[in-house]
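For the record, the sequence lines run as chains A and B. So the first sequence is residues 1 to 392, counted in the numbering used here. So the second sequence is residues 1 to 275, counted in the numbering used here.
Rather than coming from a laboratory, the hints here were simulated on the basis of the structure. Each hint should be verified, as a subset may be incorrect.
To be verified - Distance ranges between label pairs, derived from CB positions:
{"id": "1", "chain 1": "A", "residue 1": "N51", "chain 2": "B", "residue 2": "K169", "range": "16 to 24 Å"}
{"id": "2", "chain 1": "A", "residue 1": "S266", "chain 2": "B", "residue 2": "D199", "range": "19 to 27 Å"}
{"id": "3", "chain 1": "A", "residue 1": "D35", "chain 2": "B", "residue 2": "R106", "range": "54 to 62 Å"}
{"id": "4", "chain 1": "A", "residue 1": "E200", "chain 2": "B", "residue 2": "E202", "range": "27 to 35 Å"}
{"id": "5", "chain 1": "A", "residue 1": "C267", "chain 2": "B", "residue 2": "D199", "range": "48 to 56 Å"}
Said to hold, decoys possible - Each computed EDC-like pair below joins lysine to aspartate or glutamate, with the alpha-carbon atoms no more than 16 Å apart:
{"id": "6", "chain 1": "B", "residue 1": "K149", "chain 2": "A", "residue 2": "E27"}
{"id": "7", "chain 1": "A", "residue 1": "K22", "chain 2": "B", "residue 2": "E205"}
{"id": "8", "chain 1": "A", "residue 1": "K48", "chain 2": "B", "residue 2": "E205"}
Said to hold, decoys possible - Derived, one-sided and incomplete: chain A residues facing chain B with beta-carbon distance under 8 Å:
{"id": "9", "residue": "Y30"}
{"id": "10", "residue": "E34"}
{"id": "11", "residue": "D35"}
{"id": "12", "residue": "Y36"}
{"id": "13", "residue": "K48"}
{"id": "14", "residue": "P49"}
{"id": "15", "residue": "N51"}
{"id": "16", "residue": "L53"}
{"id": "17", "residue": "K298"}
Quick reminder that beta carbons are idealized off the backbone N, C-alpha and C, glycines included.
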Amino acid sequence: MKKILRLGLPFFAVLLLLAACKQADFEYYYYEPEDYALLSQYLNLPAKPDNYLTKLPKHLEARGLFARAVDQDKAILGRVLFYDKNLSKDGKINCASCHRQEIAFSDDKPVSRGVFDRVGTRNSIALGSVLNFAAYYGTDLFGPSGIPFFWDNRAGTASEQNLATMANPVEMDMKHDDIVNAVRSQPYYAPLFRMAYGDETVTAQRVSEAIANFVNALGSFRSKFDREAERVIGTDTWNSREYMDFSGFTAAENRGKRIYLDNCASCHSPVQGRPMKMYANNGLDATTTDQGVGGITKKNSEMGMFKVPLLRNIALTAPYMHDGRFATLEEVIDHYSTGIQAHPNLSTELRVGNQPRRFNFSPQQKSDLIAFLHTLTDEELLADKRFSDPFK
Amino acid sequence: MSHAPKIALMIVSMMALLASCTSSRFYTPNTINLPAMSQKGEGAVSGATFFGSNTGWEAQASYSPAPGVGLMANYFSLSYTGNLDIFSGGFPFPPAPAVSFDGRMRFGEAGAGFYRHAGKNQEYLLSLFGTAGWGHARNRYVEPDVPLKEVEWSFWRYGLQPGVRLQHKQMRFGVAFRLSCVQYTNGRIDARIPRVELDRIELLETQSPMLFGEVLWTIGYHFRPVTLSLNTTGVALGSKSLNELNLASNHISLMATLNLHELKEEKAATRKKKK
């Protein structure tokens, strides 16, 4: 037997070495070769499709937040549409003009500028402020039962939202027919529509659905906060672990987390899942000209109220508030600390009796809170190629 | 040999344990060839068929060109069908569309090794073989109202297999272990297959070469010059990625083995009788 082992084992070792030397080399194909050649003239799309399926960390799934399925082919088409400047009246604006990936799909201007440099009225909402677009807003499937879109919550679905944005004269100024014609005129859309819909028919509904599939895959859930929350909070839904210090946090970040949980989480969500309130007045002004949600619903009790955003990537998405009035996080915290105004619809969390609440944060508390807010930055989203500009 | 019934019981129990007959779309082991040579010049050929959702056949041959030295050649052809589990976690609504698959795998190998008898009555046959083989697999995915999608790949498998056979009267028992190294080489993948399946194939590609253990349990009855045996071969040990790929497959084969040496002896005896 010794002889057998002496001869057999080296023989097998040599074979193993031979095997280990060669890497597997699989060839993936997705588009027809002629389609891919055409697409490659205009676009940097991988031969192997990007994966737009998302699995959220367990501290979010345990709270019933799931990244619902998106259609991969429609998301790929949606990515191209999202970055296509042909979908604007002057050919200079695309969705990404006001939703820039490097700043978590937000805009750094107080209010966004649209076609022909027309000035909008509100600050562009950061698409990267949510854990996952579909998990946060709900999907077209669930319709208006999800969280509505825009600062004034006037759109029920992502499709409705993006069609409204494209049609808005101070944004992209494209009527449905304009959109269809613009898409039809670009040769790279034929194969993408075939992949997504089985034929090349272009309709405004298909365009908006594809964009909705793309943005529904967007989200931020890989921040330092999420890594720690998944480890420490995990599947605990009794909120008993939220106050536990995160060992991966600095002392300032942990102090900031406590300040956040005590003072901010009752509106903005303890784990940055879904906001506790869909909309509120946060006392920016005692009297308001932009009536937000009330401007749509015409209810006095909703005048001056706006969407309560999540704070993911908040450190990147200045300026802040619906009108972009605050340039820094310090200014935002100063507002809550001493600047809340007595609006008639002021949120109950921000008032003491009939008076605006004064949080009176100390300089140390402000600094700690800002340190915590920086832990909500998801660097991976900023560099995620699946969401980047595909145009050459 | 009073312990023979116990051995038989143990082998049958192990076979029952592995009798789920699961095939993997990525790799399914062939029946480990555990030769029963006793001297130079002896050889055998075997044919087997499968049970369950797998269909196919395999052929095996062994020959001893020198005392204590053996050669073997095996061929394995497998077809399988099933339904794909494409739920990847997350919210289970809307339900994922049903995707079924069918596939086939072909594998051929050759091996060389050593054998020796042991035991008071030389009833044990110990063997150690090294094998190398090449295989090809092709899977097709069927979704309603969508064109068929196909993936295929080739692989090498290197194996080292120690085994032991026990002969008791007409009964034949055996157990063998094969340390297998599977090296996927080239493949052609239609990336329009469901994403979850594509992820598995990417894992297969990145994890290659993969090392794992396979076990054979065999029980048979010998009536000269043929042995009829029931064999179970299954992937038994491996890394975590094997579980993710559901490579822990096994199958049961019913095999008929013709001992060429005995056949020759039988023919000679018949001729002698006739004379």
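Now for the hints, and whether the structure bears them out:
1. A/N51 / B/K169: 16 to 24 Å: violated (60 Å)
2. A/S266 / B/D199: 19 to 27 Å: Taking Cβ atoms as reference, A/S266 and B/D199 lie about 39 Å apart, which means the hint is violated.
3. A/D35 / B/R106: 54 to 62 Å: With Cβ atoms ~32 Å apart, the hint is violated.
4. A/E200 / B/E202: 27 to 35 Å: holds (30 Å)
5. A/C267 / B/D199: 48 to 56 Å: violated (38 Å)
6. B/K149 / A/E27: Answer holds: B/K149 to A/E27 is near 14 Å, not above 16 Å.
7. A/K22 / B/E205: holds (11 Å)
8. A/K48 / B/E205: holds (14 Å)
9. Y30: Given a least distance of 4 Å, the restraint on A/Y30 holds.
10. E34: violated (16 Å)
11. D35: Interface hint status for A/D35: violated (12 Å vs cutoff 8 Å).
12. Y36: Because about 11 Å separates A/Y36 from the closest Cβ in chain B, which is outside the 8 Å limit, the hint is violated.
13. K48: holds (5 Å)
14. P49: holds (6 Å)
15. N51: Because about 6 Å separates A/N51 from the closest Cβ in chain B, which is inside the 8 Å limit, the hint holds.
16. L53: holds (5 Å)
17. K298: violated (35 Å)
Of the hints listed earlier, those the structure fails to meet are numbers 1, 2, 3, 5, 10, 11, 12, 17, in rising order.
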